[in-house]
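Following the hints, position chain B with the ligands against chain A.
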Amino acid sequence: MKVLATYNLKGGVGKTAAAVNLGYLAARSGFRTLVCDLDPQGAATYCFRAKAKVKGGGNQLLGGDKWSWQKHIRATDYDGLDLLPSDFSYRHLDILLGKAKDARRLNRRVRSLADHYDYLFLDCAPSISLVSEAVFFLSDVLVVPTIPTTLSRRTLKQLAKHLRTRAFDVQVLTFFSMVDNRKLLHREICEHAEDLPFPVLRTMIPCSSEVEQMSAKRAPLLTFSQTGAAARAYVGLWSEIAGLLTGGVPF
Amino acid sequence: MGRLEQGGRRALGDVGNSQDSACPVASFVLETIMSAQDIKRQLTGKFRIQRLGRVVSELTYYDTFDWRLYRNAAGLVSAPSEGSYLLSLVDLEGTTRYRMTLNSVPQFARDLPLCQAREALEKVTELRRFLPIARIERHSERIAVLDRREKIVTRLSLDRDAVLGDSTAGRLKHLRLKVEPLTGYRKEYAAIVRFLEHEAGLVRCCGSEVERVLVTAGCCPLDYTGKLIVRLEPGIRTDTASKQILVQLLNAVEANERGLRDDLDPEFLHDFRVAVRRTRSYLGQVKGVFADDLERHFRGEFAWLGKLTGPTRDLDVHLLSIAGYEAEFPKTDFELMVRHLRRRRLVSRRRLLRGLDTRRYLKLKAHWNALIGTDVDERGPKAGLPISEIAEDRIARAYSRVYKRALGLRKETPSETIHRLRIDCKRLRYLLEFFRSLCDVQQANSVIRSLKGLQDRLGLYNDLSVQQVAVREMAEELFARSGTEASVFLSMGRLIERLEARQKLVKSQLEKSISGFTGEKTAEALLELVR
Ligand SMILES: Nc1ncnc2c1ncn2[C@@H]1O[C@H](COP(=O)(O)OP(=O)(O)OP(=O)(O)O)[C@@H](O)[C@H]1O
Ligand SMILES: [Mg+2]
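Sequences listed follow chains A and B, in order. Take the first sequence: its position 203, counting from 1, is numbered 202 in numbering that gives the first Met the number 0, and each next residue is one higher. Take the second sequence: its position 82, counting from 1, is numbered 81 in numbering that gives the first Met the number 0, and each next residue is one higher.
So here's chain B without its partners, still in its complex pose:
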């Protein structure tokens, strides 16, 4: 599942009718209601003004849990209007790039009608759900500037926002004056902006409108990312550094728990699992930080947690991947397979949720938190060594393991070996992510990039095996229940064939990724890295 690069600001690109895109909404700060009155008076003296009346709108801002819209300089805002919803895709300045009226607010980008905006949003949000993150009530007093023909040439709006749904609800905050450019009337817009800036002496709002709204509503944009970002000082003790990393991972586990329980989108479980696996991998690879029995205990507990989440995740992946084969099966057969997988997912999710409700899980979190949340010196043999030393050593070892195994790969290599290579790669990848801040950034990124290519293929290879097993199981279950049409089994046979063929293809492509990874450039970068 691709992750967005931070600060990737191009995604919205030229969505929307922004023939005047160089000409955004201009906002000005107003200190008090008094200054609003004053501005209106000044405008009236200078321009032909028409009051368009007041409107109150209830706006809900949406983003994904990991702020994909915000990261891409966009916001999604809905407002109820006449029994339906007006949905606007805005840029951070608050300029509307795309508007549409819908019968309900879409939960995912794929729920939108086919249009440019949907295309852009799907690319950015992928599987993630839109979550309501802020609700405000906007009181706008709208004013039009007219030309001699009484035609509106610019629209102004005096906005006051009140946050809904929190303790400060109802209090009006943020008074500002917005000037909206209209297509074909740029000169008139520029004249108004000039007037407000130079003659009325108003100050332009700095920063983005979306951010202002979110912060006012008590949100903390970018407070979650699936990426692990830890800044370590090379000289610090290994136990201190380890705790810094492990606390972040525990935070990620806890952050994703709610969405996982509510099944908002599959990425919550995915990120939850990744945080658990990273924790386990850390404990397995950086041994000797805590007392030996403690390390063993928590390794076991995190392994249990990882196992608990496995089956549901596999089914998520399976459901996503067979969606790609839909066109190749008779509709009823395909639906039957999907229904079956959904049922199994429901069962495995129930088991997962029961696991999360156990005392074992609560205890795990509490005890783990107690251990890593304090900054006392630990008693493990490696606890006092500088982290950079440990990091170098671990990365070098992990790399040579991957390197050896990858070079030994042949056409006839059995899938267990490939599976082991996948695990080795994952270990190395995690180490690089844990210790990225200790490495030369460019080198680390270049190694991670070439590792990623290899890992993606290995992961796909593995998923395809898991799915073949799952289809076989599904066939057996349906067969045991009887009453299933023969055509369904034929379809399943065909699906297995497709998966097999695809797996073969992936295997043949593996070689290329491997030579990329074992090539001199990567090896050199790695040597630089761990030196």
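Looking at chain A on its own, in the form it has when it is part of the complex:
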């Protein structure tokens, strides 16, 4: 099982869009896939039309009996793709994760899913918090969408420094997101990808109104657009990532 987290310190860069679409594509290529919505805002959960757990009160990820959080897994409308819906109680995760013991326990919980899934996608909220620390700790790959601006270059460097000082053993892959080729700055930054602190994937996701429609249609992009530029870009992005992970796709 591979654990991938879509992560960026910055908000609104396309993390959820990436988690939803990559998760969908992984399942479409036959991998048993689970998307975990770790953001209390529940954008991914909404996109899959599932109900978020609002009652909270529990700490599903950590406490309770062994299966308590597997109990909440829901099939999405797509073959082979499951969802762990967002949970209001994740707000309290930070407090819970204060203890190193709990981070390890979370890791064990997540790894216990290995019998059931080939890929886990964690959709994270934008912050450096104890939750994201746990995510860095247990993920195999951080997939970092980056809007090609000067500011995002700085954010990436910040992340690189953070990962280095804490010595997290996680592979980081960035890709350019919401790229607008009419903007000179976007073009320039994309052309100098080697300046960034992490390997940058070749595929860029263009700025596209079709991606925005995902939340209105409440469905992954590929289900309503197969040939649009953005749809094709996500397919390319997935095959690039899967290729890096398994040395070729499918398998």
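Source of the hints: derived by calculation from the structure; they are not laboratory data. Any given hint could turn out to be false.
[Claimed, not checked] For each label pair, taking beta carbons as the anchor points, the in silico distance ranges come out as: (1) A/139 to B/186: 49 to 59 Å; (2) A/170 to B/81: 52 to 62 Å; (3) A/179 to B/51: 28 to 38 Å; (4) B/408 to A/139: 48 to 58 Å; (5) B/52 to A/139: 29 to 39 Å; (6) B/504 to A/167: 45 to 55 Å.
The structure displayed is predicted, hence computed values, not measured ones. Ideal Cβ positions, reconstructed from N, Cα and C, are used throughout, including at glycine.
This is chain B with the ligands only, laid out in the frame that chain A set:
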């Protein structure tokens, strides 16, 4: 080579993401297209329904020649999809336990990517190849049941199967409605199933989906097993009983011929050989059934057939066993040895196939079939005796022979004696298998079990000798050709040493198996058996 126990249903165990494993696909029988329309109408009145459209998929079902998947309550199904193949491991009810997309359909379990499913399949199928056994075209009309949020909570599928690739091709058969449970939506699934059963009055399909498909496609699941299964009545004449056994063995010879010729997997040759050897052993041990000259003739002919298949089998075993030593040799040396063995196997296979193409072989089969295929009384002196009498006598004799030889075994016993013990054991084992139905089943099985332990070790001991000879021969051949690096010969020397060491170890373990076999429990069981 381990055989699967029949009905061993645990192999697939918890493969796959079956957190909802208690909740399988539910299938309902539909009589006509009309009733399908009617059901759709009824569902629409009661639930929030969305039509997901129709799909046509071409499904190929696979199993090994000896039905190892079916025996283990599983099926393997492939469907082409977008230039690759979607491979599903299903249980007999048709619920998918594991899915993967592959660039080509795997021929053996070992061709699959490392995963849980591969582990389970390798354990079950071992060396056997997946053979396509049925091809169907499935027309599915898919329907989703939605909740208030327009989220799919259950999926239904109206399936019609048409068999491909036979005379009835294209005809649609079997109309049914399947309800697929979705993770986390059990209540909704249960509601639909309840509705279909109680309000719409549909009848649940009984029996397994895989079986239904196979039978529709004209297959006959479990029509082959490597085991010899003969039911004999104790009172019947020896010639009648003998023919019953020998016909089965001839069937096994013929059943394996195709796969052997096409070299599908090494087990075809193995089973072919076992059937030939059993036949020969029968003729040798139960004499006096047919006229004397006939018996002598066929013993000779089956000995010839056995010899014909020997070298290729030895090389198969050799290739399998040196695969276990791969890590211990420089890569190029190891590859050279394997290439050499493969070449020799090719040569010996050619010889084998030429043998199978001779008139001698055709005549053997035809004449043998003519002899054992009729139920006239034979003229041999023992032909008219009741089979139980003969069986008891033979088993008792064979056992005492093994017993004596085994007790005389010492550390310094030469390998020829061990070899003879192996042959004696095999004879006894065959007798027990021929006449199992005349014996108390439990006793017979217990004797066979303890015999098997001993036999396996003896067989391994023998294989290790054969392999040492083969490596020596290989070294000589390569040496005569010159141009081979010295390191290869060193590697071969090391391999022989390894084989020798292993053989010594096996010999020392023999004692334990022998005391197990000559122990009181086995002896008692045997006495019970032959009384
Ligand atoms: N390639 C794109 N082109 C145009 N709009 C996009 C693109 N990707 C995402 N968006 C839109 O931008 C907004 C933010 O996207 P998304 O939710 O994927 O980002 P996020 O990083 O997960 O945000 P947050 O930090 O709030 O979780 C959404 O409205 C989405 O529809
Ligand atoms: Mg988000």
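Do the hints match the structure? See the list:
1. A/139 to B/186: 49 to 59 Å: Given range 49 to 59 Å: violated, Cβ gap about 35 Å.
2. A/170 to B/81: 52 to 62 Å: Since the Cβ atoms of residue 170 of chain A and residue 81 of chain B sit about 28 Å apart, the hinted range of 52 to 62 Å is violated.
3. A/179 to B/51: 28 to 38 Å: holds (36 Å)
4. B/408 to A/139: 48 to 58 Å: Given a distance of about 57 Å, which is inside 48 to 58 Å, the answer is holds.
5. B/52 to A/139: 29 to 39 Å: For residue 139 of chain A against residue 52 of chain B, whose Cβ atoms are near 36 Å apart, the range 29 to 39 Å holds.
6. B/504 to A/167: 45 to 55 Å: Taking Cβ atoms as reference, residue 504 of chain B and residue 167 of chain A lie about 48 Å apart, which means the hint holds.
Going down the numbered hints, you'll see the structure goes against 1 and 2, while the others check out.
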